[in-house]
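Colleague: Heads up: the sequence lines are chains L and H, in that order.
Each residue of the first sequence is one higher than the last, beginning at 1 in this note's numbering.
Each residue of the second sequence is one higher than the last, beginning at 116 in this note's numbering.
Everything labelled a hint here was simulated from the structure, so no lab data went into it.
Everything numeric in this text was worked out from a predicted model, so none of it was measured.
A hint or two may mislead.
[Said to hold, decoys possible] Beta-carbon label-pair distances, calculated as ranges:
hint : chain 1 : residue 1 : chain 2 : residue 2 : range
1    : H       : H125      : L       : R111      : 19 to 27 Å
2    : L       : K18       : H       : L171      : 45 to 53 Å
3    : H       : H125      : L       : N26       : 30 to 38 Å
4    : L       : S113      : H       : T145      : 36 to 44 Å
Glycine included, C-beta positions come from ideal geometry on N, C-alpha and C.
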Amino acid sequence: EAQVTQNPRYLITVTGKKLTVTCSQNMNHEYMSWYRQDPGLGLRQIYYSMNVEVTDKGDVPEGYKVSRKEKRNFPLILESPSPNQTSLYFCASSFRTTGTKNIQYFGAGTRLSVL
Amino acid sequence: AQSVTQPDIHITVSEGASLELRCNYSYGATPYLFWYVQSPGQGLQLLLKYFSGDTLVQGIKGFEAEFKRSQSSFNLRKPSVHWSDAAEYFCAVGAKRSGGYQKVTFGIGTKLQVIP
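For reference, chain H alone in the conformation it holds in the complex (with noise of 0.2 Å):
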């Protein structure tokens, strides 16, 4: 079965710096990797997804995510934070199930607490 790691619960940021949230997983085969971002009281928004190709992603809002199978790793990455990031972000990976069912595994999530 797959799974996923996060390994930071809260991160805390000044406005304007760099910002790097890890996500690692654990599956078998090449896996269908997510970034989903919860403001308060919000539903969740695909940041942005892996699914082949090129292993580094671009997603809404600024961020990106690397794909490092090595390292079985998708940190997710914005070289620049602004205040209405603050956010909880959910790393999620996708396994094919049989027919066509794709099962998606959620991480606990990372809060991000942007200070000014």
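One chain only, chain L, in its complex shape (with noise of 0.2 Å):
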């Protein structure tokens, strides 16, 4: 079954205790990002990759660190979180090319709580 896969689904922490959220896809995706989404505001972007070892800011990345070593996995890092990091996330993967092959699979969501 073709999916992104989100873990922990839940998640709380304490300020400045460095954490991992990982993010792994099974359709051979070029194109990865990892989403905020907060009351109000929609969904921001935090950051993207076209593909491995390729990454670059959305439009909210402070705080945040990614990398992509392998296809598949794109991890959020949050080095030292702050409650303003309090949020639901998502990761998402699709195609890189435009046009109809470019649609974007999101995961089920991590709900993290910095106290």
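Two chains, two frames, a set of hints: combine them into the complex.
Modeller: Below, the structure written as structure tokens:
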């Protein structure tokens, strides 16, 4: 089954304690992306990756890091989480080509609370 | 830069009534347009998309949307709403970037409540 898998689904942590949210896709997609969803703000892109070892900032990258060492995985790293990073996070993937194949598939989300 | 406006944050409709969710976009060229649905506690599911061609697009679950270039709109419609349609709906616009990358910008969402 084609899917984007995020782990963990729920996470409560404290300020400053490094954490990683994993994302894995099994569709051989080149493009992967992280979004955060906040009430009244919709989804905002944090980082994206067009292929292995190619990443770039989205609209709200501050406080986050990513890496893309393998095509299927795109972890989101919070080196020193702060309460304003409490949010619902989504990973998405798609083929890189523009056009009808460029449809993003989303993971189920990770709800993060930073105390 | 592209942007999306969903002017209605909450909408309540009766089961069986018709539905229209509004979406306006801003983009200099022909956009790619999407509607996604998010059920409580779930990820986003694509309802339908517009890339080119026929401006009336059919999607899953009985939804359709019409692209109107003159009004910069891509409104979502359903003739008869079911209780299971209660969810949050996101309109999104995609724009080509260099390297084959398509940046997708989402609206803030419209929460649909369905009453018996």
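Colleague: A range of 30 to 38 Å was offered for this pair. Does it hold for the Cβ distance of H125(H) and N26(L)?
Modeller: At 36 Å between Cβs, range holds.
Colleague: Per the hint of 45 to 53 Å, is the separation of the Cβ atoms of K18(L) and L171(H) within bounds?
Modeller: Holds: the Cβ-Cβ distance is about 50 Å, inside 45 to 53 Å.
Colleague: Does the Cβ-Cβ separation between S113(L) and T145(H) fall within 36 to 44 Å?
Modeller: This hint holds: roughly 41 Å between Cβ atoms.
Colleague: Given a hinted range of 19 to 27 Å, is it respected by the beta-carbon distance of H125(H) and R111(L)?
Modeller: Between H125(H) and R111(L), where Cβ atoms are some 22 Å apart, the hint holds.
Every hint from the earlier list agrees with this structure, and none is contradicted.
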